[in-house]
Amino acid sequence: MSGWSSLAPETKQKVVEKLDLMSRIALGSTCRADRDIVNSTKLYIPRVRIAKNEDDCLLMIYSGVNRFLRMEFAERADGVLISRSQNSFDPKHKSFKLIPFDMTFGTSTLAMFIAVNVLSKPNILVGTIEWNNVDEFKILCDLMFNEFRRTNNFIVTSLDNLPKIRVKNVEVLGAPDSHLLFFKLLCNKSVLEKVVRVGIVMNDVWRNPRIVSETSVVRRGDEHLSVLSGILMRDCAGFESILETLERALDAEPSDGDYVFHTIRDLGMAASEHFDLLDVPVQKLNEKVTMKRFTRKNGTYVIRFNKSACGFFIHAVLADHENKFLELFQKQTCGIGPFCKKCADSFDYWHYSNITRRIFHEPKWTETPDTDSETLTKESMESEIIIEKRKLKEMEEQNKSIKYKPWGFRNINPHMEEEPEILDEQEAEAVEEQKRERRFVESMIGTLAGTLRDNNFNPQQNNPEEKEESDSESQDSSEDDSEAQDVSDNDVATDDTDKEDSEVENSSASEITSPSENAKLVDQSLAKDLSYSKIVIFSFIWFIISVPVSIYVYRALSII
Amino acid sequence: MSSTEQGTSSAAPAEPTTAPESAAAPEVPESFYYVHGKDKVVHKVSAGALQHSALIHGMISNLGYTEEQAKANPFPFENIDGDILQMVVDWCNQHKGKPTPPEDTNLPKQKEKLFDLVLAVNYLEIKELLTYCCKQVAMMVKGKSPEEIREIWMIPTDAEDEAAEKEAKKRAGKEAAGETAAAAGDAK
Numbered sequence: 001m002s003g004w005s006s007l008a009p010e011t012k013q014k015v016v017e018k019l020d021l022m023s024r025i026a027l028g029s030t031c032r033a034d035r036d037i038v039n040s041t042k043l044y045i046p047r048v049r050i051a052k053n054e055d056d057c058l059l060m061i062y063s064g065v066n067r068f069l070r071m072e073f074a075e076r077a078d079g080v081l082i083s084r085s086q087n088s089f090d091p092k093h094k095s096f097k098l099i100p101f102d103m104t105f106g107t108s109t110l111a112m113f114i115a116v117n118v119l120s121k122p123n124i125l126v127g128t129i130e131w132n133n134v135d136e137f138k139i140l141c142d143l144m145f146n147e148f149r150r151t152n153n154f155i156v157t158s159l160d161n162l163p164k165i166r167v168k169n170v171e172v173l174g175a176p177d178s179h180l181l182f183f184k185l186l187c188n189k190s191v192l193e194k195v196v197r198v199g200i201v202m203n204d205v206w207r208n209p210r211i212v213s214e215t216s217v218v219r220r221g222d223e224h225l226s227v228l229s230g231i232l233m234r235d236c237a238g239f240e241s242i243l244e245t246l247e248r249a250l251d252a253e254p255s256d257g258d259y260v261f262h263t264i265r266d267l268g269m270a271a272s273e274h275f276d277l278l279d280v281p282v283q284k285l286n287e288k289v290t291m292k293r294f295t296r297k298n299g300t301y302v303i304r305f306n307k308s309a310c311g312f313f314i315h316a317v318l319a320d321h322e323n324k325f326l327e328l329f330q331k332q333t334c335g336i337g338p339f340c341k342k343c344a345d346s347f348d349y350w351h352y353s354n355i356t357r358r359i360f361h362e363p364k365w366t367e368t369p370d371t372d373s374e375t376l377t378k379e380s381m382e383s384e385i386i387i388e389k390r391k392l393k394e395m396e397e398q399n400k401s402i403k404y405k406p407w408g409f410r411n412i413n414p415h416m417e418e419e420p421e422i423l424d425e426q427e428a429e430a431v432e433e434q435k436r437e438r439r440f441v442e443s444m445i446g447t448l449a450g451t452l453r454d455n456n457f458n459p460q461q462n463n464p465e466e467k468e469e470s471d472s473e474s475q476d477s478s479e480d481d482s483e484a485q486d487v488s489d490n491d492v493a494t495d496d497t498d499k500e501d502s503e504v505e506n507s508s509a510s511e512i513t514s515p516s517e518n519a520k521l522v523d524q525s526l527a528k529d530l531s532y533s534k535i536v537i538f539s540f541i542w543f544i545i546s547v548p549v550s551i552y553v554y555r556a557l558s559i560i
Numbered sequence: 001m002s003s004t005e006q007g008t009s010s011a012a013p014a015e016p017t018t019a020p021e022s023a024a025a026p027e028v029p030e031s032f033y034y035v036h037g038k039d040k041v042v043h044k045v046s047a048g049a050l051q052h053s054a055l056i057h058g059m060i061s062n063l064g065y066t067e068e069q070a071k072a073n074p075f076p077f078e079n080i081d082g083d084i085l086q087m088v089v090d091w092c093n094q095h096k097g098k099p100t101p102p103e104d105t106n107l108p109k110q111k112e113k114l115f116d117l118v119l120a121v122n123y124l125e126i127k128e129l130l131t132y133c134c135k136q137v138a139m140m141v142k143g144k145s146p147e148e149i150r151e152i153w154m155i156p157t158d159a160e161d162e163a164a165e166k167e168a169k170k171r172a173g174k175e176a177a178g179e180t181a182a183a184a185g186d187a188k
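First to last, the sequence lines map onto chains A and B. Sequential numbering from 1 applies to the first sequence in the UniProt record's numbering. Sequential numbering from 1 applies to the second sequence in the UniProt record's numbering.
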């Protein structure tokens with residue numbers, strides 16, 4: 001009788017290709033042979049999102065347009081409550097599971113641990129990992145390192161040996177520095193193409209992106225592009241204003257060895273008339289793009305106006321750096337990237353054109369975007385939100401007949417169809433107590449890590465002034481703040497580590513000179529963090545035990 | 001069964017009575033070939049329908065059969081059950097010269113038959129039908145737990161696999177020892 005076992009491995013791979021992520025994981029758990037089949041079948045995941053809100057964490061794995069697996073992690077007295085849903089934001093479609101977990105380091109550890117375990121396979125390619133407000137990355141690395149050591153029988157000896165995720169783009173919203181360590185330690189550098197920091201600026205027409213303003217940097221020693229991207233909901237400004245903005249951006253000199261160019265993409269084609277009015281000869285950049293090139297400030301700056309069938313876009317670059325990017329400029333055929341309905345990947349187009357709708361779908365996990373309009377008030381936004389909610393409700397009414405079956409998840413705990421709530425004051429107190437304990441341990445480790453950093457590990461911390469600068473600049477995304485955000489703080493340097501520190505000082509963008517050196521330093525600091533934290537905890541416990549015992553002994557002796 | 005007729009043996013294939021679908025356009029006379037499965041029932045299939053199968057298409061082009069020769073020598077597929085071959089032939093006739101739709105709902109629902117069909121289609125190298133079959137097989141376990149998948153697809157556990165392997169090795173060893181003993185006896 002024929003069955004799964006009688007199929008050829010190639011045929012099995014064809015079957016696995018048709019399976020979603022969770023079913024693949026389930027199949028891989030049946031036996032060793034099937035795990036090999038699953039691990040040898042390619043899988044593309046367009047987007048993964050990890051977000052943090054106070055003590056809770058969110059992990060979303062997208063598989064296509066409107067198709068995603070969603071896991072929310074919330075703290076409870078006896079572990080972590082994971083609420084899971086698939087392709088729906090409706091709380092009615094969630095299923096819940098309470099798992100016992102050491103909450104000392106918070107829910108984000110568990111979320112990250114799951115993400116890395118699921119995604120760090122050589123056959124899985126992730127399009128974009130989105131990183132919202134996730135900090136404490138060092139602690140996460142620390143924990144994961146120990147966990148991987150434990151599960152791999154201590155074969156993993158350094159952070160460089162941690163499993164790597166094959167991801168093309170890392171996208172960051174509101175996490176200032178943690179992403180740097182993330183893509184250094186957990187991303188496969190040969191696959192990584194872009195690290196993007198995204199900011200959204202709203203206007204009156206706030207739901208549809210109109211302009212994208214980008215500052216792209218190729219840093220010394222990096223193969224990927226670091227991009228600071230601002231998505232604006234207003235139309236492109238006048239000709240002079242555009243040039244002023246670009247020149248201001250170019251005025252900020254790049255660090256030694258860094259190459260910068262600026263891009264403005266006009267999605268609404270409102271500024272395409274500037275291209276026609278410009279009195280400069282037209283050049284054919286490639287089959288699809290025509291270009292008008294001119295220089296400014298005595299030939300120091302090069303401005304390239306480009307027009308394609310899809311949109312109008314401008315590149316501005318220092319004349320000396322132009323040759324470095326010629327190949328990249330010539331490859332542009334559309335010019336408006338993921339915002340083009342015709343040329344972009346359907347998932348990317350869907351995601352970016354609906355990016356502001358997150359406010360309705362996931363208010364808990366979405367920061368309200370910045371606004372540069374006086375007319376867009378809180379009231380007007382609220383009225384918009386009411387309209388949008390009504391639309392969503394109508395859609396849900398229409399879809400009532402559709403049964404949401406979370407087939408991506410196993411129904412492990414069928415009794416928990418509703419979210420268990422904190423029942424009484426005692427339980428609430430227990431949760432609070434746990435949180436307090438965690439914060440104490442975190443602060444202890446943070447303090448110790450800070451002390452150690454001064455000696456032998458130089459992390460990427462911004463100066464307060466620079467931080468302020470980058471904050472203010474993030475509102476006006478046309479300015480170059482990539483330098484401000486990335487400048488390292490190298491105040492303290494001991495004699496022992498002078499060489500290393502001077503190298504770090506020279507490097508920009510908080511990039512530590514060589515990855516192997518960096519990994520060693522991180523290892524050392526993590527190892528010391530751990531040992532110091534253990535000593536502190538041990539001495540704390542010893543103190544608590546020894547004081548009552550000594551009092552008791554003293555009293556006993558006095559009685560005698 | 002619209003385009004095929006069951007015969008009794010490969011040596012004397014029965015004359016098909018029903019005309020193939022391509023009879024509607026009789027301008028160019030279409031050539032026909034004959035195949036049979038494990039049950040020796042002969043199926044008449046047009047060359048156009050057989051183009052779906054890379055294996056049979058290759059055999060035809062290499063052999064250069066005339067219609068008479070083809071009738072006398074049906075292609076034997078002894079490893080394919082008769083009803084499965086019937087399904088394949090029907091599918092090929094249905095999709096002759098047509099673009100294949102994104103989904104096919106006429107595939108068998110019983111898992112044993114579906115796996116037999118997958119094996120046959122894989123052997124005959126019918127790419128489009130294999131894609132549909134693989135999708136159907138995948139749908140059987142979508143969203144299921146490892147235990148459920150193991151039950152549905154009858155996947156042995158690692159321990160069972162190892163035990164079966166050991167037993168097979170033992171048996172092979174015994175057979176080899178028996179053979180050598182027999183050979184030694186013969187030599188004496």
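Just so you know, the hints here were simulated from the structure itself, not pulled from any lab data. Heads up, some of the hints might be wrong.
[What the hints assert, rightly or not] Below 30 Å or equal to it, Euclidean Cα-Cα: the simulated DSS-like pairs (lysine-lysine) are:
1) A:Lys42 / B:Lys142
2) A:Lys194 / A:Lys364
3) A:Lys324 / A:Lys393
4) A:Lys168 / B:Lys113
5) B:Lys109 / B:Lys71
6) A:Lys92 / B:Lys113
7) B:Lys40 / A:Lys164
8) A:Lys341 / A:Lys331
9) A:Lys342 / A:Lys391
10) A:Lys18 / B:Lys113
11) A:Lys18 / A:Lys92
12) A:Lys168 / A:Lys324
13) B:Lys135 / A:Lys121
14) A:Lys42 / B:Lys38
15) B:Lys144 / A:Lys18
Nothing here was measured: the structure is a model prediction, and the numbers come from that model.
The hints, checked one at a time:
no.: 1; hint: A:Lys42 / B:Lys142; result: 17 Å, holds
no.: 2; hint: A:Lys194 / A:Lys364; result: 27 Å, holds
no.: 3; hint: A:Lys324 / A:Lys393; result: 51 Å, violated
no.: 4; hint: A:Lys168 / B:Lys113; result: 42 Å, violated
no.: 5; hint: B:Lys109 / B:Lys71; result: 33 Å, violated
no.: 6; hint: A:Lys92 / B:Lys113; result: 39 Å, violated
no.: 7; hint: B:Lys40 / A:Lys164; result: 55 Å, violated
no.: 8; hint: A:Lys341 / A:Lys331; result: 19 Å, holds
no.: 9; hint: A:Lys342 / A:Lys391; result: 26 Å, holds
no.: 10; hint: A:Lys18 / B:Lys113; result: 20 Å, holds
no.: 11; hint: A:Lys18 / A:Lys92; result: 28 Å, holds
no.: 12; hint: A:Lys168 / A:Lys324; result: 22 Å, holds
no.: 13; hint: B:Lys135 / A:Lys121; result: 24 Å, holds
no.: 14; hint: A:Lys42 / B:Lys38; result: 36 Å, violated
no.: 15; hint: B:Lys144 / A:Lys18; result: 14 Å, holds
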